[in-house]
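Using the hints, build the complex out of the two chains.
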Amino acid sequence: MKNKSIFLIALAFLSLAIMISPLVLSQSPYPPGYDFPTPEVNTENLGTCVNYDTGECTPNTNEEDCLDMEEQLEQNIEWSSLERNQISACSPGCCIINTDYGPESTIKSEKECEQMAEKYSSPYDYNPEIKKSYDCVSSLLSKEQGACVYEREAEENACEREIQKFCTAKDGKFYPGLLCTAEELNTVCDYDKPTTTCMGEDAYYVDSCGNLANMVDEKRKNDESYWTEIIEQNESCSPGETGCGNCETSESTFCGGDSKDVSCVDTSCEYKGETYSEGESWCVSDGGIHVTNSYFTKNITYVDGQRVANHEQGRELVENSYLEANLPGSRYYVLTCMQGEVNIEPCADYRNEVCVEQEYGGDFTAATCETNDWRECFNQTNKTQCEDISRMCKWIGGEDYYWGYRFDNKIYPWNGQNPTQLEQRNEYQGSCVPLYAPGFVFWKDDGDGNICSIGSVQEAAIYETGLFTDREDDFQDWSTMSAAHECFSGGCYAIPDYGLDSNLNDMEDIVRIHLGGDTPSGKLKEYHLSRRQGYYCPDKTGTVTGDDGPKCAEKESKRADMPIFLNHGAWMDYLQERAKSLGDCGYKQSVSGESGQARSETLSAVFQILDQDGELKEDFDSEPIYIGDSRYTPSNTYRGSKIFGQTDEPFYWRAYRWWNNLHSDKELNMGEILSQSTTN
Amino acid sequence: MRKKGQVTIFVILAIILVVLAIIIYSLVGGPTSRRIDVDEDPEVFLRDCIEDDFWIYIDNVSLNGGSVSPELYKRYYGANVEYLCYTPEQYELCSIRNPFLTEHIEYELLSAIEDKIDSCFLDLQNVFEEKGYTIMDFEKGEYEVELAPEVINLMINSSITIKKGNQESTTFDNFDLQFYNNLYELAEIAKGIIEWETLLGKADLQEFSYMYTDFKITRDLAEYETKIYKIQDRTTKDEFQFASRSLAFPSGML
Numbered sequence: 009m010k011n012k013s014i015f016l017i018a019l020a021f022l023s024l025a026i027m028i029s030p031l032v033l034s035q036s037p038y039p040p041g042y043d044f045p046t047p048e049v050n051t052e053n054l055g056t057c058v059n060y061d062t063g064e065c066t067p068n069t070n071e072e073d074c075l076d077m078e079e080q081l082e083q084n085i086e087w088s089s090l091e092r093n094q095i096s097a098c099s100p101g102c103c104i105i106n107t108d109y110g111p112e113s114t115i116k117s118e119k120e121c122e123q124m125a126e127k128y129s130s131p132y133d134y135n136p137e138i139k140k141s142y143d144c145v146s147s148l149l150s151k152e153q154g155a156c157v158y159e160r161e162a163e164e165n166a167c168e169r170e171i172q173k174f175c176t177a178k179d180g181k182f183y184p185g186l187l188c189t190a191e192e193l194n195t196v197c198d199y200d201k202p203t204t205t206c207m208g209e210d211a212y213y214v215d216s217c218g219n220l221a222n223m224v225d226e227k228r229k230n231d232e233s234y235w236t237e238i239i240e241q242n243e244s245c246s247p248g249e250t251g252c253g254n255c256e257t258s259e260s261t262f263c264g265g266d267s268k269d270v271s272c273v274d275t276s277c278e279y280k281g282e283t284y285s286e287g288e289s290w291c292v293s294d295g296g297i298h299v300t301n302s303y304f305t306k307n308i309t310y311v312d313g314q315r316v317a318n319h320e321q322g323r324e325l326v327e328n329s330y331l332e333a334n335l336p337g338s339r340y341y342v343l344t345c346m347q348g349e350v351n352i353e354p355c356a357d358y359r360n361e362v363c364v365e366q367e368y369g370g371d372f373t374a375a376t377c378e379t380n381d382w383r384e385c386f387n388q389t390n391k392t393q394c395e396d397i398s399r400m401c402k403w404i405g406g407e408d409y410y411w412g413y414r415f416d417n418k419i420y421p422w423n424g425q426n427p428t429q430l431e432q433r434n435e436y437q438g439s440c441v442p443l444y445a446p447g448f449v450f451w452k453d454d455g456d457g458n459i460c461s462i463g464s465v466q467e468a469a470i471y472e473t474g475l476f477t478d479r480e481d482d483f484q485d486w487s488t489m490s491a492a493h494e495c496f497s498g499g500c501y502a503i504p505d506y507g508l509d510s511n512l513n514d515m516e517d518i519v520r521i522h523l524g525g526d527t528p529s530g531k532l533k534e535y536h537l538s539r540r541q542g543y544y545c546p547d548k549t550g551t552v553t554g555d556d557g558p559k560c561a562e563k564e565s566k567r568a569d570m571p572i573f574l575n576h577g578a579w580m581d582y583l584q585e586r587a588k589s590l591g592d593c594g595y596k597q598s599v600s601g602e603s604g605q606a607r608s609e610t611l612s613a614v615f616q617i618l619d620q621d622g623e624l625k626e627d628f629d630s631e632p633i634y635i636g637d638s639r640y641t642p643s644n645t646y647r648g649s650k651i652f653g654q655t656d657e658p659f660y661w662r663a664y665r666w667w668n669n670l671h672s673d674k675e676l677n678m679g680e681i682l683s684q685s686t687t688n
Numbered sequence: 063m064r065k066k067g068q069v070t071i072f073v074i075l076a077i078i079l080v081v082l083a084i085i086i087y088s089l090v091g092g093p094t095s096r097r098i099d100v101d102e103d104p105e106v107f108l109r110d111c112i113e114d115d116f117w118i119y120i121d122n123v124s125l126n127g128g129s130v131s132p133e134l135y136k137r138y139y140g141a142n143v144e145y146l147c148y149t150p151e152q153y154e155l156c157s158i159r160n161p162f163l164t165e166h167i168e169y170e171l172l173s174a175i176e177d178k179i180d181s182c183f184l185d186l187q188n189v190f191e192e193k194g195y196t197i198m199d200f201e202k203g204e205y206e207v208e209l210a211p212e213v214i215n216l217m218i219n220s221s222i223t224i225k226k227g228n229q230e231s232t233t234f235d236n237f238d239l240q241f242y243n244n245l246y247e248l249a250e251i252a253k254g255i256i257e258w259e260t261l262l263g264k265a266d267l268q269e270f271s272y273m274y275t276d277f278k279i280t281r282d283l284a285e286y287e288t289k290i291y292k293i294q295d296r297t298t299k300d301e302f303q304f305a306s307r308s309l310a311f312p313s314g315m316l
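Each protein sequence line maps, in turn, to chains C and Y. So in our numbering, the last spot in the first sequence is 688, and the numbers never skip. So in our numbering, the last spot in the second sequence is 316, and the numbers never skip.
Just chain Y, with the same shape it has in the complex (with noise of 0.2 angstroms):
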């Protein structure tokens, strides 16, 4: 009798742990998976599709005064810094190169990403059908890099319609995916800057980081009488960085 009451309670845990197990399962989760849930939300698809390269696309441009490859630039420390202010002669105010630089981030970050939005649509076609659903009706939009406060926002105008067998089919479109970056303000404060080098030949430090008391400012001095402008959001560490060349003072006699 004994035996059997021991095996009893031993029978009894077990189906009270393996439902305890079901229940934890069904609330945290099990191992995450790369293939998202598509028909849900097909968004979430495109942008673990799109994220990893815009990111690189994002530090880039950042890392490389706002393009993604520069014509004029000063190599320094592994990247290649466009000169955003310029002038090859001695002493003598640049000229601004970029005039419209949140502008200009926007043109070459969407031209960066592209072509691997386009590729990701061509994968979240074959997920659906993967899945058994039919492409009703797939129309290409246009693409927008959008630099905000705070954020970027990449905003993909295509629209994609789906069906299953004898459901009603759904349309997908508009998708807005929102990438957490200051490159916004980091750009207005480097136009400013830029505005010092070209009417002054070189920016006040100190007064800009009295203005902008969120953002670390710095100068460093390259070859080439460069100045090399960093400024990084305190907070967030989001950094931007361009070079300048203006009212250089070269050695011996002008």
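Isolated chain C, as found in the complex (with noise of 0.2 angstroms):
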């Protein structure tokens, strides 16, 4: 009768912080149903800190901070724990007065308006009633503008351009429509020299008292006429004319030059030879960061009335990109094209926003560093959830045959056939995580790495053998081959080679073999895949007979679900694309090329021998298999201590020798690895 009470169990793990904890459990995410704080202020002490002199009002002040104000200025100021718009003296008005180049508009309180036209020695003009910029602007511009000739300590005929209110208060006479230049006005100011200023985007003339004229144009330069009226833009000549100030930004044309004799100049910019835009930004990186304009597109929709980002282009990008992009120390950047200079402006810290570009018309794009709301992805428990439009995750998982854990550790079954549970299997088996992986304060004992532990497994593999089979000397000679026969139930994925047969084609072939059909080619003694009959149909036991799969799986009511993995790449690849998605976690390169600690990726086994009843008798050792992407147990045998016999020398290092001389073109990069191991 065979022993099936003979138990070895694999202790295989991948341990992602920098410190080994070998039987770290897999945990739930951290923490479970995590919900995201929204913004607020710490409304506690804050208030208003009004000064009554200046008229100034300035909202979410702390008490201490605005009486250490009225101590310091020796001001009518009082502290308030009303918001600024509930207080009288804080109401707003539309504030017009006259600075250097005319009249001009601004959004203040009476009070303040009082003072700024103070500051410019001008009289204003103040409207309670206009609370918008907007409609502020828009009532200055109906206001008529013009000259006002007046007499100003030993000057008659002095002139300034601006509107009738302010002309009445000092005494002048108003000219609607004139500019101080007209001749029939006999003022001070003349055109023989005029100098040029930058209005906005335009450029200007400025007569001899430095009153604003009319948009520079070559052509009417030295005409009467056109220093006798104001005229209107729309009147000007033309945006692209030869010598015309009227400057167009879509044409990347601003005012700008020499202080004095401004023009339309060229304001686009190089950058790395593509010619940018006036206004134009877009994403760049540092090193590490795959990005490129056509495939970080963000498209706006909306979805029940809101304005929502949609990052479905260039996702599968991104989501393949965890090896090369978002690594340690890499940033976001948006650079900006204003007035032909290129700046620069730096995403946040640690990957918390991440540059998204917004195409317009073809060949202009607006950049954003947004939030990278990457917590939120711990919350979503499906694919559809989970790669919803308007959220930076992705799902690991979500398609045939390619599975994994979830957080949660719950398995939707599969039985091989049922369409409905492999739909559900689909949409549910695997594990949210971020698309844009974030950055983490590893470097302290005290960060983020624990981020990274949630990254972590055990599986259990159980093996069933003879009842002749000496557990403790043979097992140790056992291939890979012989352990996958082996394999009774459990992680048998988590065996090296298990199902990577280069005669096993696809998925396909294994979920046939599971349900009792044939092989490929050969037979089933020739797989890396389990030959016992319980782990196909787990009231059996013995081993499968025949060259196919077990006959017992042939009967759905007898069968097992399918393994979550198929074999032990899909469970590799999925461990490592998870782990290296949640962050600064597993074995990565740094943006500036430096890898970081391969140990901070580790598969180890520890075997175990049970008895009948499943108790532990004996214990052995962990030993590591696989150590960053560096796997230093020969592949035709499972543990390698056997070979090199019984020293004092660590495991990695005899099997670093032995992995050398077998395979001098495939040198393991064993330097890092002892340089930041500790002796076992």
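Source of the hints: derived by calculation from the structure; they are not laboratory data. Note that the structure is a prediction, hence the values are computed from the model and not measured. It is possible that part of the hints are untrue.
Said to hold, decoys possible - Below are the EDC-like pairs computed for lysine to aspartate or glutamate, each with C-alpha atoms no more than 16 angstroms apart in a straight line:
(1) C:K127 - Y:D115
(2) C:K127 - Y:E105
(3) C:K127 - Y:E247
(4) C:K548 - C:E564
(5) C:K151 - C:E112
(6) Y:K299 - C:E435
(7) C:K531 - C:E564
(8) Y:K178 - Y:E250
(9) Y:K264 - C:E435
(10) C:K268 - Y:D276
(11) C:K127 - Y:D276
(12) C:K127 - Y:E208
(13) Y:K278 - C:E240
(14) Y:K178 - Y:E212
(15) C:K418 - C:E395
(16) Y:K178 - Y:D115
(17) C:K151 - C:E240
Claimed, not checked - Pairwise CB distance ranges, derived in the manner of DEER restraints:
(18) Y:L283 - C:E191: 32 to 40 angstroms
(19) Y:M198 - C:E159: 32 to 40 angstroms
(20) C:S150 - Y:L134: 41 to 49 angstroms
(21) Y:N215 - C:T203: 20 to 28 angstroms
(22) Y:L261 - C:V196: 41 to 49 angstroms
Yeah, the Cβ is synthetic: ideal placement off N, Cα and C, and Gly gets one too.
Put into structure tokens, the structure is as follows:
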């Protein structure tokens, strides 16, 4: 009778923290059902600081800071717990004052308006009914400007361009629609040697008194009529005309040049061989982030009336770039072309912001640093929710034959044939992880390295051996094929090479064998697959007879569910992708090309002998099978220690020398491992 | 005879050259001297005495976010840049720390320069006395710093009355010194940015850039989730920078 009670447990784990913790159990997400907090102001002790002398009201101010100001400035300052819009002294209105180049409008309280007018030595016009900037500008534009001729100190016929109200305030005579250089006014202002200035994006002439005249137009510069009346922009020269100050930002021209001789200058930008228009912005990164215009395009869509970003385009590229993008130390940047200069704005630390672009009209891009809401990902429990268009998350798993662990450890069954079960497994059997791996403070002991540990797993592969098998000694010589054959239940896919035979063409072959079907070629014993009946049919024991899959599995009622990983490669791929996608986790290169600690990804095996009742009889030391990207147990042998004999050398050193002798063309990167490892 | 004629020519030439030199010197002036004619314009003397220090303080407050010696700041490229909007918490909007920035800057500049003004008045008195004047009266008045568009006004309302010999006494008072710097408008823009920081967590730089086309506004990131804003007048190159910490996203879970 075969001794089915002899068990060897393989403990395979992937430790993703910098500190090796051999028995880290897989954890639920940190924390489960996490509530993403909404931003708020700590409203305790915050209110409005009101300066009754200047009319200025500052919101969100601490009472202490406000009272400090009162003491410092010795002005009539009070702190109120009310919000600014609830305080009458702070009530805003439309303020119009005269600046160096004519009247300008802004939204201020009346007292503030008065104070600002004093700074500019100007009268002011205030309308408390107008509360918005746009309306205030319209109000100003509706007031006709003209020449105000008045007496100033020893000067007769001084002149300023302003609105009538201001002219009246200085007892001047107002000439609507005229410039101060109009001959008929006979003022002290002339245009013999005009200067120029920028008003917004356009270039204007300035007369000898410093008054704004009309838009720059070289053809009319010496034309007396051009210096008589105020000419509106839409009646001026056209954008693009030579010598015209009517600049057009859409054509990348903007007012600029020498301060007294401005004109429309080309304000486009050259950057790495590309030309960008005025106002255009685009995404770049330092090394390690795979960002191109066409792939990171964000489409704006509306869901239930809410504007949301669509991260569908480029998703596939981003999903698969976890090895070369969002690396430790990398950051996103927005570059903007402003008045011929490229301004660089870094996005937030730790990749809490990523750069996204939107294209307009095919050749104009606008980029922003957008919040990377990666923390929300752990709350998503299925593929649809996870990959919603507004989320920066990706689902690992979710395809036929490619599934994986859930953070809540739940397993959705599939009997190998039921389409509904398959659909459910595709939708639910996986993990939702960040699309843009965030950064962590992994260099500190009390930093964020613990988050990486949620990517750790522990699997138990249980073997069924014959009565006369010497488990302690013979097992050490077992090849990976032998180990696969004797795997009875549990995580057989954790055994190196399981299901990775070259003549297993795809996962469908493995599924067919599970259902009792035939092998692609040859016999079952020639594959790295289980030959224990109990693996395929839970109520059975013993070896699978025949060359093909087990006959017992042909009946649905007898069949075990398909494992969530069909082969060792799928298991390793899943674990590595999930680990590296969580953040600065796993064995990764930094943005500067330096490799991380290989031991941050370690797969180890612990062997135990159990008695008939499943109780532990004997325990053996943990032995690493993979460190980083390197596997250093030879592929045809499951455990290497027997080959090297018993010495005091650490296992990995013995494996290193053996491996290099056998595979001289595939030298392991042990230097780093040795420098960072601890003695086991 | 010929030799005498040649000498005469040279003498005439020399006289012409000396006369020309005198004319040029009187028009252009000789080498500048630091010692101003105080009895003509003591305000120039005062300005000359004060301005180096005052410019240092102006540069100081410009790079430090409005204070000469800020208390809460982030070290950034050699400057202690003050937090004008700050919260120590994660994922919270900041509170405004200097509610009236313009007035605060005026106060800081005044506090910094007061002692120097006092010392310059002492120097002024000494110079008058060296020139034989008697100080009939000196009244220390109030000093005031005012930020205005494109200029910083330093108003000294002290008065000094001097007399020399039998001449009538002369009184000099109300000294107004102008320092051309656009700190006023830079501070006004800063206040707008700070309001965005406290209300929304981050200012929209493109929006500000389009509103204030004469200014270059940039934002950099420093440690501790700190933003450093820098505002520069494109024409005068005057600049002002400050720090803000608002809506800070740390690493890891919140």
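- Find the hints from earlier in the document that the structure breaks and name them by number, from lowest to highest. 1, 2, 6, 7, 8, 9, 11, 13, 14, 15, 18
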